[in-house]
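There are 4 protein chains.
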Amino acid sequence: MSEPFWKTAISRVEPNKIIVRGYNLMDLVGKYNYADLTYLLWRGELPPANHSRMMDALLTVCLEHSLNAPSVDATRFVASSGVPLQSAVSAGIAAIGEWHGGAIEQAAKLFQDGVSSATQNKLSLKDTAAQLLQEYTDRHDKVPGYGHPTHTRDPRTQKLLEIAEQSKISGKHVELALALEAMTEKFFHRHLILNVDGCIAALISEMGFDWRIGKGFFIVSRTPGLVAHAFEQMYYDKPYKAPHWKEIVYTGVAERNAPERKENAA
Amino acid sequence: MSEPFWKTAISRVEPNKIIVRGYNLMDLVGKYNYADLTYLLWRGELPPANHSRMMDALLTVCLEHSLNAPSVDATRFVASSGVPLQSAVSAGIAAIGEWHGGAIEQAAKLFQDGVSSATQNKLSLKDTAAQLLQEYTDRHDKVPGYGHPTHTRDPRTQKLLEIAEQSKISGKHVELALALEAMTEKFFHRHLILNVDGCIAALISEMGFDWRIGKGFFIVSRTPGLVAHAFEQMYYDKPYKAPHWKEIVYTGVAERNAPERKENAA
Amino acid sequence: MSEPFWKTAISRVEPNKIIVRGYNLMDLVGKYNYADLTYLLWRGELPPANHSRMMDALLTVCLEHSLNAPSVDATRFVASSGVPLQSAVSAGIAAIGEWHGGAIEQAAKLFQDGVSSATQNKLSLKDTAAQLLQEYTDRHDKVPGYGHPTHTRDPRTQKLLEIAEQSKISGKHVELALALEAMTEKFFHRHLILNVDGCIAALISEMGFDWRIGKGFFIVSRTPGLVAHAFEQMYYDKPYKAPHWKEIVYTGVAERNAPERKENAA
Amino acid sequence: MSEPFWKTAISRVEPNKIIVRGYNLMDLVGKYNYADLTYLLWRGELPPANHSRMMDALLTVCLEHSLNAPSVDATRFVASSGVPLQSAVSAGIAAIGEWHGGAIEQAAKLFQDGVSSATQNKLSLKDTAAQLLQEYTDRHDKVPGYGHPTHTRDPRTQKLLEIAEQSKISGKHVELALALEAMTEKFFHRHLILNVDGCIAALISEMGFDWRIGKGFFIVSRTPGLVAHAFEQMYYDKPYKAPHWKEIVYTGVAERNAPERKENAA
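Protein chains in written order, with numbering that gives the first Met the number 0: chain A, 0 to 265; chain B, 0 to 265; chain C, 0 to 265; chain D, 0 to 265.
These aren't lab readings, by the way, just hints derived from the structure by calculation.
No false leads were slipped in.
When the alpha-carbon atoms are kept at most 27 angstroms apart in a straight line, the in silico BS3-like pairs for lysine-lysine are as follows:
1. B/LYS185 / B/LYS141
2. A/LYS185 / A/LYS121
3. D/LYS121 / D/LYS185
4. A/LYS125 / A/LYS141
5. D/LYS16 / A/LYS237
6. C/LYS237 / B/LYS16
7. B/LYS6 / A/LYS245
8. D/LYS141 / C/LYS16
9. A/LYS108 / A/LYS125
10. C/LYS171 / B/LYS261
11. A/LYS30 / A/LYS167
12. C/LYS6 / A/LYS6
13. C/LYS125 / C/LYS108
14. D/LYS6 / D/LYS16
15. D/LYS121 / D/LYS108
16. C/LYS245 / A/LYS237
17. C/LYS141 / D/LYS16
18. D/LYS6 / A/LYS237
Input sequences plus hints: build the corresponding full structure.
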């Protein structure tokens, strides 16, 4: 028998009823908050109390980062073009790529694989960390979740670790993340801080999330800010945002005359 | 003096510090939740307690509506094509258009203009409602925020009004919205329910939001669901979602032979 | 009987055969070029010879405009974030809004309505132009398709009119467009040039296109350039394009301390 | 000295002049067609005559594939939501992913690496093909550019190879592509046809294109079709396209009551 074309395990809608992961959504609204229901959507179950608190912190800590984020800049250029709000937000979301929030997934995979491998090989997390960093340096590769272009101590990492401690969310993934940070100087000749992506990665790994949903945290976290920036651009800034032609440096070939059509290539 | 190219009133980032609407974001995380901080981003101020509760309900009540929503379908088709998570979510956001969440803005404008006009013209809200519906019927136009293709009584409207009452959020915009609903049968020969878009529109008007940010509520509300659907499609469904060619009805011209290049048009 | 869910008059695919607007696509490839087949897709018929030449010019004249176009800037910011090529191009397309290519549709509507109204009211095109400009000045509105921030004489307009003349594509829409240009100085106290959007609008109106497909010309024209910019950004520029925090001017409220949760709003 | 923030080698705009890759764009329009100028944008040089003809065929052969393509479906769902034309097209472009056009890049890399390796290792292309297929079968991986869900003989491949022969575009990449096709039966126990993605990949490799611009061909080729589908959906089909709730199969957990807030997780 063939698979149905339209199917989902997430929710069911029928007249006057919306079921999400088995629950009537209206029984949850007002009792569980936005972070709880996001957890439900992604995990299939409502969060225990400590996960609830952590979840909310994970979704708010990346709320805004001003215009020094490609997603915000993309949103503002699109918003300046005379489009509806959602188009500008959509373009910003499209920019949550491997270098912009994407390290959450890569670092979560690193930590989850690292903890598995430590357990399997009966290695300490410290030795595992050293081994992993050796692999990265050998490949001349960057370690996802470490270092930041603006912050020398990522305030978001500090805050998340503080709430994690209060919420009793700790364990091997966080330990490994910190062990890696402590050894970066040895392997890369400068201290690379555990940045917010890396910290989110460690905490969602601790909470049992699949690493492949990592970017979802950044997407949800950044969306209200993208809405705010789209709105500000549309109603409080000039239309058609673009640099003046004099500010654009042309690095291409010098001016030349249009040629006659060329012969076939060899 | 010329305007700076990069400017914003929303936030300021400097090394190790992120200021949002004047507050250090790290002083707010863990103390104010996602809905509160979204309110701050959009309004410039933190919400009073009753607005906080209402805000969270407004952002969760549209969380999910299964595959019978074009945004979710767009997300799933894009997700099936071999793209990163954010691309699929981005396409879903792009579908939050005039017929899909957009009625929030249109209805909020209707209610805000209606209340203003009632005050200015010293008309009752009931008379204002009658006058507005007369205008819509004369123009053969739909009233934004009323009627639903699936629900005969929108469960989300009921829930929001219940929480609004508990939170003491009421006033002329909600009154006008309900007055309009009560009279739809008289003007359109069938009862048109106040749907979730219309109800959100009335409540955000009551709370003092600019009607032009209306779609933002739907966008933020729907984003975690779009992430869940993208994830489900990518990892629990088949790639390259598309109907089989036999299911597609061709309604175009019959097959014909390729012509010779035509002469100039007259 | 209910409408089929999947239907289209554009094309039909069956095993080993692709029919477009009635023709076997493989009978056309190599014989008709990209501009011809775009014409076929949008109009349902292959172009006569002069429309073919004009169509190609219409699709190439807006090919590139460097970084002083919000679509290109959006593409480059997204491309810098670590995403696949199509994501960056997609964001650029999303920026083809009312202030960026959108004037083609608005101007084509203006010209088509203007010519209709002139015919109906037995007015000369010159008198019609004067009447239309009077309406725009009364409404304090901009006339779509006129004026340009960089060019004082849009070279693309000159080129298109030259090819239109060679191709014998002329008539009332072009006449009206030029009559409007000639009178802008009288109504707006400075000469507003017929820009490329306005010129495309006049020519596609002359060729019989529906004004609502106007942005399609700009979208197709700009796509190869967006691909080129995405590629250049991804492989020949730095990742994570964003202004330095010192370059971003914060215009918001001064720093302040996080407050206690407020009481209910009145 | 620091790099300029806004720079490009593609084009330069100044008042009344648009330079593309060194040429005044207005000297090229009307003389070189859309395919030629796309070639110029991507390669930096105008095409020789045979490349010109091939380029046009490469950009037209994938023009349309009806609704059995996720990009077209995404476009139609978004177009049905009440959005401007470009938003729907943008969503379709976002769906040009690894399983939908993306094989062009992967196959072009395969052929370019394969030819290099054959030369370096002094292996015949046939032996190289056998070696490559062995690697794919060992990894239980699909070979990009081979096989098709609808076509048993991809008509687009036939057409492209025919034009390539007429245009004298042939060589080791095409040879390797055909050698691989010929051996698929031996390695995969069924004949896998060289599909249009694989054929484009072989030909652009022959013409000297960087494999990383492969998806650009599919994007440009599909854009006019996405415009046509967006237009048809917006003006000739019903708004708010979505399956009826009865058609959606819910595969999730059974209905259950909303629980009390859970205790902390262990």
